[in-house]
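Mind docking chain B on chain A? Use the hints.
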Amino acid sequence: MIAQHLPILQIVLPLMAAPVCMVIRHPQVVWIWATLITFLCLPISIALLVQVMAEGVIVYELGGWAAPWGIEYRIDKLNAFVLVIVTAIGAVVMPYARRTVDTEIPVSRVYLFYTMLLLCEAGLLGITITGDAFNLFVFLEVSSLSSYVLISFGKDRRALTAAYRYLIMGTIGATFYIIGVGLMYNATGSLNIYDLSKIIPELGGSRTIQAALAFLTVGLGLKLALFPMHMWLPNAYTYAPSAVTVFLAATATKVAVYALIRVTYTIFGTVDILEIVPVQDMFMVMAVIAMFVGSLVATYQVNVKRMLAYSSLAQIGYMMLGLSFDTITGVAAGIVHLFNHAAMKGGLFMALGAVAYRVGGVRLEHMAGLGKKMPWTMASFVAGGLGLIGVPLTVGFVSKWYLVQAALEKGWWMIAVLIVVCSLLAVIYVWRVVEVIYFLPASKVAQEAKEAPLSMLIPTWVLIGASIYFGIDATTTLDVAFAAARALLGDGG
Amino acid sequence: MEQFPGLIPYWVIMVLMMMGLYIVIAHGNLIKKIVGLNVFQVSVFLLYITMAKVEGGTAPILAEGIKLYSNPLPHVLILTAIVVGVATTALGLALVVRIHNAYGTIEDEEIDKLEDQT
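So the protein lines, in turn, are chains A and B.
Going by this note's numbering, the residue at position 146 of the first sequence is 146; the numbering climbs one at a time, nothing skipped.
Going by this note's numbering, the residue at position 4 of the second sequence is 4; the numbering climbs one at a time, nothing skipped.
So here's chain A without its partners, still in its complex pose (with noise of 0.2 Å):
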């Protein structure tokens, strides 16, 4: 009975426990609730996984009206794979959250707090589950504005100048979503993704058509932070409280790359359309631009955490780099990255959140001596740092590996080789901070630092643990990227 319910249980739970945030009000009884929906979100969306690698694709009709008229869900491979993202990461911050909470949020506000994080994660998995295009802007702007307010929280007012300017460059993003749907409306009659992708093909290349696949990709291109539509996404990472960082490092640009996906390969995926204006291409050089643009810009931060974000904008690239291949390989490559980056980047953000609330800053001067003090955060900072530079037995070496694989099949040498000099780069930007904070004395705020609580601790491992474990053993997830990708090129080509 419940069974058959999943898919809309998995929205539904986090959206409607959040309102009941606002009236527990009680700090420590609001996380324990967030606590619970995130664990209850998790099981639900593996189970979902677990069935649609068994049985195919699962249809869930809304209120029982059926598609094209109602909205329905449709869970495949791909979506099912970001799901247990987004509720794996969404489980791990909310342990992770309250001490971070503690020292970074009024208490008057922490129930606030938690409120966002509730609906940011329902945004985001409402985007990923549904089958309607007008559905996802819907989910799109909820993830969107209460990751706004999330990041306002941040102590540093910067954060709120960071809030207002993603505000403004995600609206103009979502608002080109909606016009590329209104297009496509106007053009077919319909709004359901798969009875789009049905539609398209038979009208070829129109004009409106071609008008909308440009709304549509420079929309959901602002929404990902892909070069040179990324101006928000370092403010916005650098202030935002630390539980927030890792929340929306590890999930929300994620999202993003997938509903591109979404468009690009199951949308327009059989139209000529590609043939007549390049996004391949023009995908392919943004992707090369952003790996090189973020990586060079990252070795001369001096604070860590914005270091980071630009180091997540290369990894942005990297993920677009393996969409633009447009091969099996190429296009499983993206997507198994996806799940690498989340799993390497939110425990090297969790990581950073331990340091600032032992030692109160971020900065290269912050981290210095704190081998010493802080061995087990350093150590997963360290095996993080050694997934983004792709050295094997991480997680990152099994995504750059296929990417490069990717390039070869091509006969893309030049691609092969941009991406091993890029990992180079990366080594470039993590040695920095490994002397600081191996080589350096401790500074005197470091001094009295202790070890992180095991509370920041065990979920900061998860994450690192998980980017090892699957960087040794990658079969699970590369299963199901090559699956995905599969189903997303069958029907395509």
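No lab work stands behind these hints: they were computed from the structure.
Please note that a few of the clues may not be correct.
Unchecked claim - Here are some chain A residues the structure puts well away from chain B; computed CB gaps all over 10 Å: (1) Lys444; (2) Gly465; (3) Asp479.
As the list claims (entries may be wrong) - A few chain A residues that face chain B, going by a derived Cβ cut-off under 8 Å, partial list only: (4) Glu141; (5) Val149; (6) Leu160; (7) Thr175; (8) Ile179; (9) Asn186; (10) Leu425.
Predicted, not measured: the structure shown is a model, and the values here were computed from it.
Just so you know, even glycine gets a beta-carbon here, dropped at the ideal spot from N, CA and C.
Chain B alone, transformed into the frame defined by chain A:
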């Protein structure tokens, strides 16, 4: 073949849209940016409502004698989008109030100067 309104509504909408976008980009005042954003969003609402119009159709009400009516779906969609727009504007303005409290100004350039100092 095309009668009076033809594609003119779409042209008007596009002009409005670009005006809104231009205001967001060109103005340094945080409130004016939000005004621009609103113009931009409203133009999209108009885009949807324009495409819902069926020539000769009445309002989509179930009543006797009404055979041809406009497509109500875009109206409903835009009702949702209006709510989202209101929420965005409210949140944006709330942020501007807090920025004003924190910085003492709502001009982009002055805020940049203050941020560079810290």
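Hint check:
1. Lys444: About 21 Å separates A/Lys444 from the closest Cβ of chain B, which puts it past 10 Å; holds.
2. Gly465: 37 Å, holds
3. Asp479: 38 Å, holds
4. Glu141: 5 Å, holds
5. Val149: OK, holds: A/Val149 within 8 Å of chain B, min 7 Å.
6. Leu160: 5 Å, holds
7. Thr175: Nearest chain B Cβ about 6 Å off; hint holds.
8. Ile179: 6 Å, holds
9. Asn186: This interface hint holds because 5 Å falls under the 8 Å limit.
10. Leu425: It is violated, given that the least Cβ distance between A/Leu425 and chain B is near 27 Å, above 8 Å.
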